[in-house]
Structure formats: structure tokens, C-alpha cells
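Student: Residue numbers (numbering that gives the first Met the number 0), protein chains in the order written: chain S, 0 to 126; chain Y, 0 to 598.
Hint data in this document are derived by calculation from the structure and do not stem from the laboratory.
Where a beta carbon is used, it is the ideal one built from N, C-alpha and C, also for glycine.
Don't take every hint at face value.
[Claimed, not checked] From the derived model, a few chain S residues whose C-beta atoms are all more than 12 Å from chain Y:
id	residue
1	Lys4
2	Lys67
3	Glu72
4	Leu121
[Claimed, not checked] Looking from chain Y toward chain S, a few residues come up when the C-beta cut is under 10 Å (computed):
id	residue
5	Ser27
6	Ser400
7	Glu423
[Stated by the list, open to error] In silico lysine to any residue, SDA-like type, Cα no more than 25 Å apart, as pairs:
id	chain 1	residue 1	chain 2	residue 2
8	Y	Lys507	S	Ile16
9	Y	Lys406	S	Met18
10	Y	Lys406	S	Gly26
11	Y	Lys547	S	Ile58
12	Y	Lys471	Y	Leu484
13	S	Lys12	Y	Leu484
14	S	Lys19	Y	Met408
15	S	Lys23	Y	Ile420
16	Y	Lys547	S	Leu29
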Amino acid sequence: MRTPKILVVEDAKAMLILMKYHLKNAGFDLCTAENGLEALQVCETVTPDLIISDMMMPIMGGIEFRKKLQKNERLRDIPFIFLTAKAQVKEELQEANLKITAYVRKPFDPDKLLDDVQSILLSKEAV
Amino acid sequence: MYNILLIEDDIVDQFAIKRAVEQDPEYSYTMASSLKDARKILHAQQFDAIITDYALGDGTAQEILNSKIDTPLIITTGAGDEEIAVKAMKAGAYDYLVKDSDRNYLKILPITIENAIQYKKAKENEDWLRLVESALLNAYGAVIITETDPEKPVTPKAIYANEAYTKLTGFKGNEVKGKPFPFLKGVQNNTEIAKIKKAVKNEKSVTTEIKGLHKNGSIYWAELTLVPVLNREEKHSHWLYIMHDITAHKLSEELLRQSKERLDIILHSIGDGVVVINENQQIMRINYKAKELLGVTQTQVINNKFLDTLKHCGESRNDILQILNRRFFANYELHLKKPQNRILYLTGNTFSDIHGKSSGKVIIIRDVTKEKEIAQMKNDFVSNVSHELRTPLASIIGFSSTIRNDKNMPREIQEEFLTIIYEESQRLSHLIEDILNLSRIESGSIKSKRKDIDLGAIIKEVFEGYKIQAEKKGLELSYQIEENLPTLYADVDEIKQILINLVGNAIKFTDNGGIFISLTKEKAFLILKVQDTGIGIPRCDFDLVFEKFHRVERVGRQIEGTGLGLSIVKEIVNLYNGTIKIESEENNGTCFKISFPIS
Chain S
0 MRTPKILVVE
10 DAKAMLILMK
20 YHLKNAGFDL
30 CTAENGLEAL
40 QVCETVTPDL
50 IISDMMMPIM
60 GGIEFRKKLQ
70 KNERLRDIPF
80 IFLTAKAQVK
90 EELQEANLKI
100 TAYVRKPFDP
110 DKLLDDVQSI
120 LLSKEAV
Chain Y
0 MYNILLIEDD
10 IVDQFAIKRA
20 VEQDPEYSYT
30 MASSLKDARK
40 ILHAQQFDAI
50 ITDYALGDGT
60 AQEILNSKID
70 TPLIITTGAG
80 DEEIAVKAMK
90 AGAYDYLVKD
100 SDRNYLKILP
110 ITIENAIQYK
120 KAKENEDWLR
130 LVESALLNAY
140 GAVIITETDP
150 EKPVTPKAIY
160 ANEAYTKLTG
170 FKGNEVKGKP
180 FPFLKGVQNN
190 TEIAKIKKAV
200 KNEKSVTTEI
210 KGLHKNGSIY
220 WAELTLVPVL
230 NREEKHSHWL
240 YIMHDITAHK
250 LSEELLRQSK
260 ERLDIILHSI
270 GDGVVVINEN
280 QQIMRINYKA
290 KELLGVTQTQ
300 VINNKFLDTL
310 KHCGESRNDI
320 LQILNRRFFA
330 NYELHLKKPQ
340 NRILYLTGNT
350 FSDIHGKSSG
360 KVIIIRDVTK
370 EKEIAQMKND
380 FVSNVSHELR
390 TPLASIIGFS
400 STIRNDKNMP
410 REIQEEFLTI
420 IYEESQRLSH
430 LIEDILNLSR
440 IESGSIKSKR
450 KDIDLGAIIK
460 EVFEGYKIQA
470 EKKGLELSYQ
480 IEENLPTLYA
490 DVDEIKQILI
500 NLVGNAIKFT
510 DNGGIFISLT
520 KEKAFLILKV
530 QDTGIGIPRC
540 DFDLVFEKFH
550 RVERVGRQIE
560 GTGLGLSIVK
570 EIVNLYNGTI
580 KIESEENNGT
590 CFKISFPIS
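Just chain S, same shape as in the assembly:
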């Protein structure tokens, strides 16, 4: 089995360091982007197995980024997790008519996030 590749989109440096540490320790392959636009550029050459994205970011926020992904056939069905400090995630997703795999609210428990990532990847494999 090849190592799953995870794309982390996050503008806060500290948060990016934290995610890198945990995901690498868990044995995942990692690529990162600081905003939606950068992430789309990454996706041009890479097809990740899972995307974890912040919502509030400069240049292109998470909502816009997800919208763009949904329009792309190759990227549309990649499992997608929002990791955000926003209070009203559900409402915003509904308003923008977005479908995602899960959302995790900041502050979060890193071990819990890893568990979620593992189980999402496992269920994807099963399909």
C-alpha cells in the first residue's frame, strides 16, 4: 500500500507546523498551501488522497476553494475536511451549497483529528 498524500491548506504558520508534525509522525505524505489559490496550483500536479483546509484565509478562502474543487471532476470526490475557528460553519456551507466530508472546529485535539483522518481514508479504501 502506498503512503496516502494529504494536502493541508492553512495560512497560520503555527497551525501548519502543528499539522505537519502530527501527520508526518503518523506516516502520511504531506503537501501544504497557504491559501486556496496556492492549493489549486498544487492540485494541478498532485492528486491528494485527503484535503484539510482552513476557511478564513487571504487571497482565496476555504469556501471559494471548495467551490472550485467541486467543479473539477478529478478533484471533486477527494475527501475534504474543514478545520476552522468559525462559529457558524454549517450555515455557511448550506448557504454556499457545499458538500464536504467533515468539519473540525478549532481549537481541536490533534489525536482526535488523526483518528478522523485515519477512518476517512480507511472508508475510502473500502469503497
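Using the hints provided, position chain Y relative to the given structure of chain S.
Tutor: Same frame as chain S, now just chain Y:
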């Protein structure tokens, strides 16, 4: 022509009297030869005089006297019957004639008839006068009669005033007598006086309103009519002044005027728009505020259809049309797009006429645009704040729990994470500090401790504080302060906060070059400039940078800070009635220029 009834049973006498009466063409007569005849005739006809024989075949003239008719009665009796005649006179006969054998009485007869007729006329006149006088006396309208002296026709003298006049003015008839225009006492209005005098001079009737002075000093209002009266020779001889008390009417008119004035003041002073329309939806009243809120620019809109004045409102007109058909509506939310975006609350209620039939509506219009905006801003602010607080908190919790759970973490990684935790805690602490500061300034809950301060000294202090930080980044930090500048009446901490935020931002966004602070005086303003050679601000963001949590988006740049720094600067500058301007080009440095008015 006078009608005379002759009652005589003697044919010879009949003939003699007839002849005597017939001599005067003024008279016509009717003959009755018995009491029975006479009764019948009197029943059907009125006479000016009756000449009757006392002793008649079927009775005496006493019977006619008893019937108390109004016509003067002249009794004829035979010679020697004077006693009877006297008795008849006592019973009410006007006169008597004794039939002498030479028939001399017939010569006196015409004079006697003439006298009797005159007597009857006089009596009738007297009755009529008494009637008229009584009518005058009891009339509701005040009446004065004046007599005109041909020598001085413009000052007729009062000869009579009735009860109603006394009641109206307080002056009795005898107090008025001899005076030309008693009702003008205390009248101030010269045009009314001139009008009355002119009418008198031209002998024309006139009606006018006067404000008179009652004997007790109070004011009365009367409608006055002057009527010239002509005498028998068709010559002007008297004036009739008729006055109607309209004080109550005038008072209620005045009360109505006052209440209208009060209503006008209220209408135009209150902050809400008010429109009153009638049952045809025509505007009866509209205040300035309503015109402003609805964007009505025409000055004359009274009587215009309400909806016709709202043609500029576009689609919103249909919404208004719908609610106007309701009897009552409260806080109907109207989103006005034209002539400008406004959110209005409309409250309307129907008023009724005396029969309870709807006769129009009062509509109150409240502008809630600002409130709605503030509510939205508050909402946004709270959700922004919670997001901004959670972000550093997420790092703190994430890293600390990572260290705790990973017992085998290498020492240097642990150090790195601890540094991050410390920095994020600092950031959180700054953020909380900034939020509190901003909310305190905005709500005005802290009273700034103002005194005359030297801005230059504060610049030097802040300069010292940032010197090392600038040096570390390889930036040149410098300042220039004009000499002999006046002091500023301000709070030291607030001014320091402005400088800390501006200089801190400048260092943050400048990688090469330096930051230059200057203080100068232009007219009545102290000008504080903080200039840098940093990344600059795009023109489209000039206003946005002062908004809370706004950050200019830049590729590849990690932005630290709270996003509140410039909001705080702007709020403080507002406190001092100052202005803040940005001069900047993207990638070509930024200059913040603050003008403080010197108090």
C-alpha cells in the same frame, strides 16, 4: 278707503246719516237696520268705525259694546237720553252724538268719524311699537339705534341700546346714550374703524367683525352690521347697529389655531416621519422628516395623492399601496431601494369622522437603517472576535497537548513548540487588550485624562521603544519635530497608542528602507506623519484598512497582529475631532497623516 258700518233702524235717520257720510269720498259704508243684521256683517267683515243707534228694534248697542270688538264705536241717542250715552262711553264707546231735531249732529258726524279712525290708528301703532320694542329688548343680537344730526351726519348719537348690548359689552342703555359709536370703545383695529366710519359717511350698510373691550376689561368679539334707516321723507335719519356675539366662536377658532400650531411644531421637530392622508389617500399633512425619508423633493404636495408623490420609489410603491389598504399596521418593514437604500418601519392607524366612518390615516415612518446596520456590524464583530480569539487558542491547545502526549519528543522540538505557545499566548493577550481598548473608546466609557501635552516628547518616547526592533530588521527609524510647537490638550496614553500602532505597523510591513516620524504645524492643526518605505496599501483598500479585522491580502506574507490597530487609531483620532489620511502606492511605501485641531 275706510270702511264704516252704520246701524240704524229708523229709515229717515238712515237716509240722513248716509248722506252726511257720503260727502267724504274716503269713506265707504255698509248699512245694517237691526242688531241681527249688524252681528252678521261684523262676523264677516272688519270696519274702521261703527256708528250705531243706541236703541234698536231687537236690542241696544250695549250688546255690540259687550262683544269687545276693536273698532271705535260712535253711539247716537235721542235727545234726553244723555245718561244712556254716558253709560255707553263708560262701557267703551269712543264717542256719542245726540240726535237733535235740527239734525245739527250730522254736521259733527264726519269729524267724529275722522277722529275715531285716527284714534284707532294711533292705538294700533302703539301696540305695534310695544311689540317691536319688546322684540328688540329680548332679541339675542345687541341693537343700538342712533339718531343722525343733519348738521353732523358722521357722528350720529345713540338713543337706544337693548339688553343684549348690555350683556355683550357691559354698558347699560343710559351709559351709551348720546355717544356716536359706543361699541368702538377699546377697539384697536384701525382698518375696521375706518371701514365703519366710511360706511356711515356714505350712508351704506356694512358688516364687519370687531374685537371690543367689555366694561369689565375682558375682550369680546362681535359681528357688527350697520344699517341706515330712512324716515318718511326717504331721508336718512337713523342708524341701526346690530351686533352678534361671536366670542365663543372666535375663542374656539383661536384654540383650534393654537392646537394646529402646536401640532405643526411637534410634527416638524420629531425625528420620525409623519404623513396624514385622507380617505382618498391624498396628503393632508407631511413633515420634513417624512419627505426626507421618502425622498420627496416637491415642495407642494398637500392634496396630492400620496402614491403619486412616491413615483421615484420604484417597486416599493407596490408595498406601500398594499399596506395602505389595511386599517392598521405596525412596524411594517419597508426596504426602500430608491432614491437610496433605506430600511423604514411604517406604522399606520386609521382615524374616523363623527359617524365612525374611516376618514384617513396617520402614518409614522421610522428610519431604522442605522440600527439595522449597527446590529449587523455587531453580529459580524462578535463572530469575527470569536474567530480571532480561537485561532491563537487553537495553536496553544494543539501544541501543549502534543507536548504532553508525546513523552519521547526531542528536546529541540519541544523548545520550538514552547516558543510557539508563548508567542501565540502573547498574540492572544494583545488581541484581548486591543478589543477591550476599542470597545472602551467606542462606548466612551473611559474618561480620558486630558491635559496640555507635548506631542514631541511622546514621539521621542515611542521612538526609543521601537529603536531596537527596527535595528534588528535593518530598518532606519528617525523623526523630525518642528520647533516651538503649541501643546495639544489630550490624553498621553491615547496619543501614545496611536504612535505605537502606526509605528508598529510600519515596521511590520517594511522590509527595506526605514520609517520616518514627523510633527509640524499647518494653520490651526498639528500634523503627525508616520511614513514608511514598505509594501504600501492599494488605493481600493484605503477605507477598508480602518475596518475591524481587515487585513490587506498579500501573497506569501504571514500577517501577525490583531487587525484592530488601525481601527483603534481611527477611533482615537475621532475623539479629538481630527482626521486621518493615507498616502500610499502599492509596493511604494505608506504615509499616515493625522491632523489634530489645536484647541
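Student: Run every hint past the structure and note whether it holds.
Tutor: Evaluation of the provided hints:
1. With a least CB separation of 22 Å from chain Y, Lys4(S) remains clear of the 12 Å interface cut-off, as annotated.
2. No beta-carbon of chain Y comes within 12 Å of the beta-carbon of Lys67(S); the shortest separation is about 17 Å.
3. Residue-level check passed: Glu72(S) sits 28 Å from the nearest beta carbon of chain Y, beyond 12 Å.
4. At roughly 22 Å, the least C-beta separation between Leu121(S) and chain Y is larger than 12 Å, which holds for a residue marked as non-interface.
5. The interface hint given for Ser27(Y) is broken, as the beta carbon of that residue sits about 117 Å from the closest beta carbon of chain S, more than 10 Å.
6. Because the beta carbon of Ser400(Y) sits about 6 Å from the nearest beta carbon in chain S, less than 10 Å, this interface hint is met.
7. A hinted interface residue such as Glu423(Y) counts as satisfied when its beta carbon comes closer than 10 Å to some beta carbon of chain S; here the least separation is about 6 Å, so the hint holds.
8. As the CA atoms of Lys507(Y) and Ile16(S) are separated by approximately 22 Å, the hinted pair is consistent with the 25 Å bound.
9. Among the hinted pairs, Lys406(Y) with Met18(S) is consistent with the structure: their alpha-carbon atoms are about 18 Å apart, no more than 25 Å.
10. A distance of roughly 18 Å separates the Cα atoms of Lys406(Y) and Gly26(S); the hinted pair therefore holds under the 25 Å criterion.
11. Proximity of Lys547(Y) to Ile58(S) is assessed by CA-CA distance (about 18 Å); at most 25 Å being required, the pair is judged to hold.
12. Note on Lys471(Y) and Leu484(Y): the hinted pairing is violated, with a Cα-Cα distance of about 32 Å set against a maximum of 25 Å.
13. Between Lys12(S) and Leu484(Y), the direct Cα distance comes to roughly 45 Å. Violation of the 25 Å bound is thereby established for this hinted pair.
14. Distance hint between Lys19(S) and Met408(Y) is fulfilled; the C-alpha atoms sit about 15 Å from each other, no more than 25 Å.
15. Between Lys23(S) and Ile420(Y), the direct Cα distance comes to roughly 20 Å. Compliance with the 25 Å bound is thereby established for this hinted pair.
16. With a C-alpha separation of about 35 Å, the suggested pairing of Lys547(Y) with Leu29(S) is violated against the 25 Å cut-off.
Hints 5, 12, 13 and 16 from the list above are not met by this structure, while the remaining hints are.
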